[in-house]
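Novice: Each chain, written out:
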Amino acid sequence: MNAAAIAQLSEGGEQVISEATGIFGLTWLLIALPLLGAAVLLLGGRRTNGFGPLFATTLVGLAFLLGMVQFVQMVGEPAAGRSFVQSLFTWAPIGDFSVDVGFQLDPLSMAFVLLVTFVGGLVHVYSLGYMADDPDRRRFFGYLNLFVASMLLLVLASNYVLVYVGWEGVGLASYLLIGFWNAKAEYATAAKKAFVMNRVGDIGMSLAIMLMVTTFGTTAFSGVFSGVEEASSGVVLAIGLLLLLAATGKSAQLPLQAWLGDAMAGPTPVSALIHAATMVTAGVYLIVRSNPIFDLSDGARLAVVLVGVLTLLFGAFVGTAKDDIKKALAASTMSQIGYMILAAGLGPAGYAFAIFHLLTHGFFKAGLFLGAGSVMHGMDDEVNMRRYGGLRKAMPLTFITFFVGYLAIIGIPPFAGFFSKDKIIEAALADNVWLGAAAILGAGITAFYMSRVVFMTFFGERRWADDAHPHESPRSMTIPMVLLGIGSVVLGYVLYSGSRIVLWLEPVVGPEEEHELAIPVLAITAIIIAVTLVGVAVAYSMYLRKPVPVQAPLGTVLTRAARQDFYQDAFNESVFMRPGQYLTRFLVFFDNRVVDGFVNGSAALIGGGSARLRRWQTGFVRSYALSMLAGAVLVVGILVLVRL
Amino acid sequence: MNPENYLYLASILFVIGAVGVLVRRNAIVVFMCIELMLNASNLAFVAFARLNGNIDGQVVAFFVMVVAAAEVVIGLAVIVTIFRTRRSASVDDPNLLKL
Amino acid sequence: MIELLAATSPTSTGEAVAFWFLAPTAVVAAVMILLSRKAVHSALWMATTMIVLAVLFIMQGGIFLGVVQVVVYTGAVMMLFLFVLMLVGVDASDSFVETLRAQRVAGILLGAGFGVLLIAAVSRATFPEATGVGAANDAAGGHVEAIAEAIFTRYVFTFEVVSIVLITAAVGAMALTHRERLTPRRPQPELSVDRIRSAHPTPHPSPGVYAQHNAVDTPALLPDGTASEASVPDELRRQGTVRYTELEDARKQEDEDGEQG
Amino acid sequence: MRLELSVTDALAETPWWLSAIKALVIFGFLVVSTLVMIWAERRVVARMQQRVGPNRVGPFGLLQGLADGIKLALKEDIIPTAADKAIFILAPIISATTCFLAFAVIPFGPVVSVFGQETALQLTDFSVSVLYVLAVTSIGVYGLVLAGWSSGSTYPLLGGLRSSAQVISYEIAMGLSFVAVFLYSGSMSTSEIVSSQDRLWFAIILLPSFLIYVVSMVGETNRAPFDLPEAEGELVGGFHTEYSSLKFALFFLAEYINMFTVAALATTLFLGGWQAPWPLGGPIWGGANDGWWPVLWFVAKLWIFMFMFIWLRGTLPRMRYDQFMKFGWKVLIPLSLLWIAVVATVRAVSNEASIDRQDILIYGGVTLAILLVISIVWDYIAGRESEQVDDVAMPFDPFSGGHPVPPLPGQQAVTVAVSASSSDGDKEVLDA
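Protein chains in written order, with our numbering: chain A, 743 to 1386; chain P, 48 to 146; chain W, 311 to 571; chain Z, -2 to 429.
Source of the hints: derived by calculation from the structure; they are not laboratory data.
Each residue gets a CB set at the ideal place from its N, CA and C atoms; glycine is no exception.
Don't take each hint at face value.
What the hints assert, rightly or not - Here chain P is said to cover these stretches of chain W; the calculated rule only asks that three of the stretch's residues, wherever they fall, bring their Cβ under 8 Å from a Cβ of chain P: (1) 324 to 331; (2) 349 to 355; (3) 361 to 372; (4) 384 to 390; (5) 422 to 430; (6) 457 to 465; (7) 474 to 482.
Sequences and hints are given; from them, build the entire structure.
Specialist: Right, dumping it as structure tokens:
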């Protein structure tokens, strides 16, 4: 823990972690409810087809209600006493080392619980309409419940091993959901890709856990965070980098970002819930949760910042070139999470803002995705934005909610994104001018590509296919969108005013570090808004003033590169896959000739020997009986002799 | 007479049974010889019960009988099944046990 | 009474006499199991041994065990053996030619060695003064009660396990010997309907009708003087022991000659 | 006057010569009874079949059995060439000797004074007497199997297999029917079982056991309607097809003595043994159970069963073999097991929980009544369905066999296809 935090604690009293009692004793129920749903739906089979979807939705709703009650209760507690732990049972006692199944409910997890259950609940409701015609929707809801349970386990776990369980759980649920329509080979491939890339990140996590076990002898948060101060800086740096690797995998950051675009193969509610609002933020959670580790290692923090800023720009550039509405939004997600990672990498100055942006982003990006899903729903699953245009009138409600989300993401005051992004850029500027500049540039590009999405989709002339009949979506889909839209409008101000979010998270991440700025805050805000407006204006001139061609023009080298995600797949293939393949081939060769040669040689030796011995095996029962009797004679004889 | 004579008798019967298992080829006769061995051990158990003055030996002999009955049932069923397919009740014929 | 006799003393004269009569009987019968050519004879010798052993049990105070021995072993087990013997070939008498090299010699030598060892072991052992089971019986209030108490208290777990073994064996035997019916069983009404509809609803002629003999293996003669194959039991025809009359033999000979000519 | 000595003590103090005399008397009793039984059977069956029966030799033809026996013994003794000679001779001996052995434990009466010596009217008794009877019977089966096998002929072999399968199968049901008796008397000794029936016969309180025993005892003795091993229509003479002369006589004797054995066992286990029937025993005549009188009661009860054997033979046709075995394994044995479970439960409950037997009977009766009502309702419902099915499935076709036949009760004549020219009036006639 850093000096400021310690000072704060000495002034404001220790941060007390108490045993969970009362309503907090029901923390396990938060996970158990959706898990029950998953179990019933997935194990119950076809019998649950009828009530399954509604049942799953109800369970998540109940979890949200429970979270709300706990939240209200927690608000009533004094700021230092808002952390509760609950140990259910010892999972794996191994000598001195043991892993508990235990939960930690503190303001950070609370924020995630509310986000996950609320957005998750809305997505469930939305899916009731979106998946209404899918014959397999029971399985879908089962997976959704499984995901919610795993995500809650991830954010509520009180030790890294349990976090890892949740981590893998969300990975599995994500895999299952991306490949939900696995009858299509490419969707199944996308699922596999996501899974494999996540595995790379997971290796980082498991290595980090192993390192913790050897270094601290425990994986519990409390033990690790108190032990980290005595640990050598090299170990801390290693743990930090490994955790960052894990975070890049799950949060689709460079260099493990390639899966997110393909993951859009899954049903749109999945994209909204998993690949925008919750799962991809797990990396941010991990870094913020591990703040005592990153606080002690500047190197690790630097790496985090670099990853964040690079991804921020990368995602933004990719977003400008995508014609698939969901892929454009996916690129935007990548970029926005880049902001969060950047903020998290700034240390105590940015943790709270990372979470702040995460929460607001969860709302408006989920809203945007649900809007995109609504558009696709109305356009017969057409995803190419060049085939949209002028949908404003066909689906007014979708347009309004989408537009609110759009304003929020590009950071127009007083929408949610404005407050959160602004604070991150401020913090970045305070840390390093170039960082700030990059962040501001990112904001401009964001404004450009989001405007492009909105203009191409809702404005301009119609470019629909002849048989398209766009229509507004059913109420079960629009209501969640409206609710998320409201969140996108008000959440930013609600959390910002009076530094609510900062004070709320203070017990976990320590107080915000005051930073010196070269220019006044208002000027910065003005610059950001100006850059944003420039982005909008460029988009306006390119996509609203001029007609949008239905066939995508070839574009410049840069456009083509961005369209291909800057050749990341090709890069991965040539840098990782090919050498791996050659290595594998060599290993197979080695295995066949050298290892097998040795093994086969000894086997042949033994085989030859046993062929001689085999003659004893006549196959006649009586011969065996004879040898048994001989053995008995031997034994009895020895016994008699010994007694002599 | 010495009660140990029962034990000698049991030993002799056991050995006769064992030799029978080794030299006879008819599966059913082999089986009978196994029963003879079990019976001989039962005799030993009963003699021990008497020597030691408690009933446990007899109870064990009783259990041996029941298990022997179960074994006979299964054994004979196996013999019948083998006989159906191979038309032979010789223990030397099913020598597929070897490789 | 027998119980009193066995329970009281280690050895009485009566017991000695009985033993020296029964023990050689048992040994001879056991040896005869090995030496009998026919399996049925072996089974009978086996039954003899078992009955003798039952008497030996009773002599040693195990009257319940002795009676159970007769019921279970002689009555059920050996009967099962006889059954199977008759199922798998009644007339099979074993050839005594040994096929495995040195098996017989080795078996007998090893057996003898084992016997010598066992007898040596028994003779070296020191046994307590034989007290008989009388005291144990009296403690429980009777011999059957004593056995019942032991089985259902101290050995109740064994008892349960053994009963499971027995049930499993019964089910296993059924599973092993069960043969699935390939066609549904034809009920008697159907068979009788078929019979009535067939060309020959009446019974076949009895063997020996109008023939020179009235033995079962002599076919009946039809009005035209030919032999009716159907009158002889199928089993005899399969065995090929049907006895044709001289007349019929001559006719068959004629037919064959005619075909050759 | 009842003597003071208990049965066990009386038997223990019996001198050897008295035992020898008892054995001889039992032997004589059985042989004579067999002769009487043969005569009685022939006479009674004759009456049932509206005939006179043997009446030439001796008064009422009483000596007919003796005459037949002498003739049988003097016939030529044939041993088939294919037979296994030693066993062929051994088999009837086994049958004939074992059948006498079972009678050693049957109590003919209470303790009496003979030649100044107090002794029980039974040869011996021990704690597992009834099991001993079962053991002896199971050895007796050897006679049948070996006779069948050793004849070296097909019919006897099949007959022997059949009869041993039958005897073994029904021995299980028989043994199970004893269990309830053991539970109630608390002993397997015949004399104690008899004495425990001084108030109530087991035939009454253990009626299901009794009925099962009676059925299985007929099966056990290979008697009509269960005389399948010697079903002459299928197997000629069964296991004794090849036997003649004295050896056949031995089988004959064994069969009848076996009947006496099972009847005596039924008397002992279920009908109170030698004890006088109810009104005679206690209230009317105090001395009915003392001295030599019980022998009379015992013999009378024995002959009730013997008459039943004759009656069955005169009344019932032979069963089919598979139905018979199915009946034994699938009806009698499960029923026995169920009944044992019920008896054991009732015993345990009334012993342990001191619940009145009356209460048990009342509750059991009410449960049974409810089950009965349910089953009746069930049958009614199921029957209605099946009737409906029958109506549809079985239309009556008067011409199905080629000849016009009138409808049976429950069938209805339907219109048949008459030629096109026939008028409606014709059809109406047919319908009517």
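Novice: Next, verify each hint and record whether it holds.
Specialist: So, going through the hints one by one against the coordinates:
1. 324 to 331: With 4 residues close enough to chain P, the hint holds.
2. 349 to 355: Three-residue rule met by the stretch 349 to 355 of chain W, so holds; n is 3.
3. 361 to 372: The restraint on the stretch 361 to 372 of chain W holds, since 6 of its residues have a Cβ under 8 Å from chain P and three suffice.
4. 384 to 390: That given contact holds, which follows from 3 residues of the stretch 384 to 390 of chain W lying within Cβ reach (below 8 Å) of chain P.
5. 422 to 430: With 5 residues close enough to chain P, the hint holds.
6. 457 to 465: It holds, with 5 qualifying residues against the three required.
7. 474 to 482: holds (count 6)
In this structure, every one of the numbered hints holds.
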